[in-house]
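Chains as they are written, first to last, in my numbering: chain A, 264 to 429; chain B, 4 to 494.
No lab work stands behind these hints: they were computed from the structure. It cannot be assumed that every hint is accurate.
So the derived list for chain A, only partly shown, Cβ under 10 Å to chain B, looks like this [stated by the list, open to error]: (1) THR345; (2) ALA368; (3) LEU377.
For the chain B half of the interface with chain A, some residues (derived, Cβ under 7 Å), not all of them [stated by the list, open to error]: (4) SER100; (5) ILE103; (6) HIS400; (7) PRO402; (8) LEU410; (9) MET418; (10) HIS444; (11) GLU447; (12) GLN448; (13) LEU458.
Far from chain B, some chain A residues (derived; all Cβ distances over 12 Å) [said to hold, decoys possible]: (14) TRP324; (15) LEU327; (16) PRO357; (17) SER362; (18) TYR367; (19) SER392; (20) LEU411; (21) LYS423; (22) ILE428.
Heads up, the beta-carbon is just placed ideally off N, CA and C, and yes, glycines get one too.
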Amino acid sequence: MIICKNCLHNNPPGAIFCAECGAQLSSSELATQSIRTDKVVASDGQDTPIAIPDAITDNAWGSLHLMHSGQILPLTERNEYTLGRLSEGQPVIPDLDLSPHQAYAAGVSRLHALLKRDGKRIIIMDLGSANGTYVNGKRLTPQTERLLNHGDVVALGKFKFQVLIR
Amino acid sequence: MIQKPDYYAILGVLRDATQEEIKRAYIESAQRLHPDKNQMPGETEIFLEVQQAYETLSNPKRRKSYDVSLPKDETPYSPILFETLYSRPHLVRLDESQLIYILINLRARSEDKSLPVPPLNVCLVLDRSTSMKDAKMDLLKAAAIQFLRDLRAEDIFSVVAFSDRAEVIIPAAYQSDRQKLEMHIRSIQAGGATELFQGLKSGLSEVRRGRDAKRINHMILLTDGHTYGDEEACLKLAMEASKEGIGISVMGLGADWNDAFLDQVAGHTGNTSRYIARPQDIQKLLAQKFQNLTRVMAEEVTLESNLGNGIHLNYAFRLQPETGPLSFGETTQLGSILRDTELSILFEFLVQPSAVKGSQTRLLDGTLKIAMAARPMPLPPIRVRFECDVSAEAAAHPPPPVILQALSRLTLYRMQEQARQASPAGQIHQATRSLKNLAGHLLEQGHRDLANTVLLEAEHIRCKQTFSLTGEKDIKYATRALLIQEGDILA
Numbered sequence: 264m265i266i267c268k269n270c271l272h273n274n275p276p277g278a279i280f281c282a283e284c285g286a287q288l289s290s291s292e293l294a295t296q297s298i299r300t301d302k303v304v305a306s307d308g309q310d311t312p313i314a315i316p317d318a319i320t321d322n323a324w325g326s327l328h329l330m331h332s333g334q335i336l337p338l339t340e341r342n343e344y345t346l347g348r349l350s351e352g353q354p355v356i357p358d359l360d361l362s363p364h365q366a367y368a369a370g371v372s373r374l375h376a377l378l379k380r381d382g383k384r385i386i387i388m389d390l391g392s393a394n395g396t397y398v399n400g401k402r403l404t405p406q407t408e409r410l411l412n413h414g415d416v417v418a419l420g421k422f423k424f425q426v427l428i429r
Numbered sequence: 004m005i006q007k008p009d010y011y012a013i014l015g016v017l018r019d020a021t022q023e024e025i026k027r028a029y030i031e032s033a034q035r036l037h038p039d040k041n042q043m044p045g046e047t048e049i050f051l052e053v054q055q056a057y058e059t060l061s062n063p064k065r066r067k068s069y070d071v072s073l074p075k076d077e078t079p080y081s082p083i084l085f086e087t088l089y090s091r092p093h094l095v096r097l098d099e100s101q102l103i104y105i106l107i108n109l110r111a112r113s114e115d116k117s118l119p120v121p122p123l124n125v126c127l128v129l130d131r132s133t134s135m136k137d138a139k140m141d142l143l144k145a146a147a148i149q150f151l152r153d154l155r156a157e158d159i160f161s162v163v164a165f166s167d168r169a170e171v172i173i174p175a176a177y178q179s180d181r182q183k184l185e186m187h188i189r190s191i192q193a194g195g196a197t198e199l200f201q202g203l204k205s206g207l208s209e210v211r212r213g214r215d216a217k218r219i220n221h222m223i224l225l226t227d228g229h230t231y232g233d234e235e236a237c238l239k240l241a242m243e244a245s246k247e248g249i250g251i252s253v254m255g256l257g258a259d260w261n262d263a264f265l266d267q268v269a270g271h272t273g274n275t276s277r278y279i280a281r282p283q284d285i286q287k288l289l290a291q292k293f294q295n296l297t298r299v300m301a302e303e304v305t306l307e308s309n310l311g312n313g314i315h316l317n318y319a320f321r322l323q324p325e326t327g328p329l330s331f332g333e334t335t336q337l338g339s340i341l342r343d344t345e346l347s348i349l350f351e352f353l354v355q356p357s358a359v360k361g362s363q364t365r366l367l368d369g370t371l372k373i374a375m376a377a378r379p380m381p382l383p384p385i386r387v388r389f390e391c392d393v394s395a396e397a398a399a400h401p402p403p404p405v406i407l408q409a410l411s412r413l414t415l416y417r418m419q420e421q422a423r424q425a426s427p428a429g430q431i432h433q434a435t436r437s438l439k440n441l442a443g444h445l446l447e448q449g450h451r452d453l454a455n456t457v458l459l460e461a462e463h464i465r466c467k468q469t470f471s472l473t474g475e476k477d478i479k480y481a482t483r484a485l486l487i488q489e490g491d492i493l494a
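Take these sequences, add in the hints, and give me the full structure.
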């Protein structure tokens with residue numbers, strides 16, 4: 264008997280996807296690497312760097328300041344970005360591919376979260392990722408929108424960035 | 004020693020074929036190749052070979068001495084390549100039932116792709132009931148005319164229009180005066196109820212008139228409505244058609260047609276139904292169907308099989324071409340192999356504890372019979388045997404990536420099926436839960452619009468206690484379409 268971790272449905276041995284909720288049962292390359300996320304919660308803002316406004320280009324409505332590298336990714340062309348990492352043989356492409364930034368090691372799912380602009384408001388939503396999305400150390404409920412403020416620290420698994428809003 | 008011709012291959016039978024099978028194979032070949040009928044150069048020579056083969060094999064004494072002269076254990080040449088993939092290397096000795104998945108792929112050898120494209124013998128069966136009135140009818144007629152224009156000179160074509168009775172608009176024949184035929188199609192008027200059986204019966208008799216094993220014999224039904232009371236008769240007719248090598252495809256217009264039933268009708272002949280949400284798309288889909296018919300390499304792959312003891316087949320699904328579930332039985336039409344697209348079927352077997360007592364388990368035993376209009380000679384059947392070793396411990400092997408990928412998409416389609424089964428049974432909670440789970444997966448895979456449709460449908464079910472007619476078809480065919488994409492990756 265294989266018990267689905269997602270919905271506790273009992274599946275017969277040999278099953279690969281849960282018959283009840285469709286979650287994948289056996290781990291393999293389609294799955295996101297599991298990481299320890301217990302330390303992410305401890306973020307209290309002390310490692311929050313100061314915003315760098317000059318990095319925001321004129322037409323950007325905001326940008327992401329990647330904490331481990333200090334790089335700035337501007338958010339410009341579209342009002343909605345899916346965040347994730349590109350992997351081989353994967354038909355779904357995130358709008359913002361974080362794989363060049365060691366996203367896999369940090370436990371970012373292929374489609375991890377959605378970031379969008381609604382007027383002046385900036386909203387983030389977790390897309391049912393394996394390791395969760397955190398805002399200032401608090402884990403978000405999947406598929407639920409959360410308003411972001413300038414300077415908030417978002418963690419996709421262990422992948423942290425600060426949101427800079429123009 | 005002079006290499007003797009392989010009489011078994013010439014007749015298209017296995018080495019251990021019974022006299023009855025040999026006789027049947029001979030009659031089939033003879034009908035196809037008879038000098039009165041054949042046109043291709045060299046076919047008379049083949050016919051003589053077939054006769055020689057039959058004369059030898061039908062006589063037990065001569066057959067025995069011929070068999071002795073044959074090289075041992077030689078697998079006969081087959082123009083179709085067949086491969087089998089298991090989800091895990093072995094079964095495990097357990098006290099509970101377990102699952103195993105098997106994926107089979109059939110494809111044409113590359114050298115056979117130079118074979119001539121077989122001509123068609125195709126009948127359009129058009130619904131002209133009252134509900135088709137005005138714009139829909141006009142678009143349908145325009146699509147039929149375009150289909151006619153696409154035909155090649157060697158194709159046989161016919162059109163039947165039906166409501167509560169059927170009328171042959173264009174009888175099956177080579178069509179030269181196309182302008183006159185277009186006029187006939189334009190003259191079709193809408194009116195009356197939908198009685199599918201009338202249309203199918205009349206369509207089948209037209210296809211029969213032009214029927215020829217060297218052609219792709221096919222009927223395309225276009226309808227927008229429910230039929231009442233003649234479902235059994237339609238299914239029986241589909242089975243007859245299938246035995247004669249005639250395929251039936253269905254295109255359903257709008258929300259009111261009975262997709263589950265028509266899937267079954269088409270499924271009996273190894274084909275499937277398509278959903279046309281907007282009448283504007285009729286032409287495009289009909290043209291696509293024509294393209295697919297001209298890409299057929301082997302038009303009919305039939306599996307005759309028996310399941311092992313304690314084995315249950317949960318599900319059989321054609322991943323490509325023409326994605327759709329199969330109705331599995333002792334004789335199963337698997338579908339067709341296209342020149343550039345292999346035929347891929349995924350099976351889910353449930354293995355009872357009683358079946359894993361020994362060291363090896365037989366899941367399925369059977370033969371694949373393949374009809375290939377492009378070749379003058381019948382193909383030898385392919386032996387199919389799904390067998391699996393049994394071990395005490397489970398292997399930590401991950402399933403092959405192709406199976407994993409296909410299943411990840413198929414799981415979405417089955418969640419949709421689950422919801423559709425639960426809803427009429429009054430399990431509203433189960434239906435909405437399945438749909439919500441489905442929406443979650445779709446969102447995760449980036450299909451935002453479809454996820455949204457699914458969520459709206461879940462809401463509709465919560466309020467109205469039932470699926471909406473458009474919603475159930477939208478979701479079913481859209482989750483199927485995800486698998487077609489998947490097919491491209493497999494190919």
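Here is what the structure says about each hint:
1. Taking 10 Å as the C-beta contact cut-off toward chain B, the hint placing A:THR345 at the interface holds, the least distance being around 7 Å.
2. Of the supplied interface hints, the one on A:ALA368 is violated, with its beta-carbon coming no nearer than about 21 Å to a beta-carbon of chain B, more than 10 Å.
3. Because the closest C-beta pair between A:LEU377 and chain B is about 9 Å apart, less than 10 Å, the hint holds.
4. At its closest, the beta carbon of B:SER100 sits 5 Å from a beta carbon of chain A; the interface hint therefore holds under the 7 Å criterion.
5. Contact between B:ILE103 and chain A, as hinted, is supported at the beta carbon level, the nearest pair being about 5 Å apart and thus within 7 Å.
6. Among the interface hints, the one on B:HIS400 is violated; its C-beta lies about 9 Å from the nearest C-beta in chain A, farther than the 7 Å criterion.
7. With a cut of 7 Å, the hint placing B:PRO402 at the interface with chain A holds, because the nearest CB-to-CB distance is about 6 Å.
8. For B:LEU410, the shortest C-beta to C-beta distance to chain A is roughly 5 Å, which falls under 7 Å, so the interface hint holds.
9. Checking B:MET418 against chain A: minimum C-beta separation of about 5 Å stays under 7 Å; hint holds.
10. Hint on B:HIS444 holds. Least Cβ distance to chain A is approximately 5 Å, under the 7 Å limit.
11. Below 7 Å, beta-carbon pairs count as interface contacts, and B:GLU447 has one with chain A at about 5 Å; its hint therefore holds.
12. Using the Cβ-Cβ criterion of 7 Å, the hint placing B:GLN448 at the interface with chain A is satisfied: the shortest such distance is roughly 5 Å.
13. Because the smallest distance between the Cβ of B:LEU458 and any Cβ of chain A comes to about 10 Å, over 7 Å, the interface hint for this residue is violated.
14. The beta carbon of A:TRP324 sits about 20 Å from the closest Cβ of chain B, which is more than 12 Å, so the claim that it is off the interface holds.
15. For A:LEU327, the shortest C-beta to C-beta distance to chain B comes to about 20 Å, beyond the 12 Å cut-off, and the non-interface label holds.
16. Look at A:PRO357: its CB is around 8 Å from the nearest CB on chain B, not clear of 12 Å, so calling it non-interface is violated.
17. For A:SER362, the shortest C-beta to C-beta distance to chain B comes to about 16 Å, beyond the 12 Å cut-off, and the non-interface label holds.
18. Annotated as non-interface, A:TYR367 keeps its C-beta farther than 12 Å from every C-beta of chain B; the closest such distance is 17 Å.
19. Its beta-carbon lying about 8 Å from the closest one in chain B, A:SER392 breaks the requirement of being farther than 12 Å from that chain.
20. For A:LEU411, the condition that its CB be more than 12 Å from all CB atoms of chain B holds, with the nearest at approximately 20 Å.
21. Its beta-carbon lying about 22 Å from the closest one in chain B, A:LYS423 satisfies the requirement of being farther than 12 Å from that chain.
22. For A:ILE428, the requirement that its beta carbon stay farther than 12 Å from each beta carbon of chain B is met, with the minimum near 24 Å.
In the structure shown, a violation is registered for the earlier hints numbered 2, 6, 13, 16 and 19, in ascending order.
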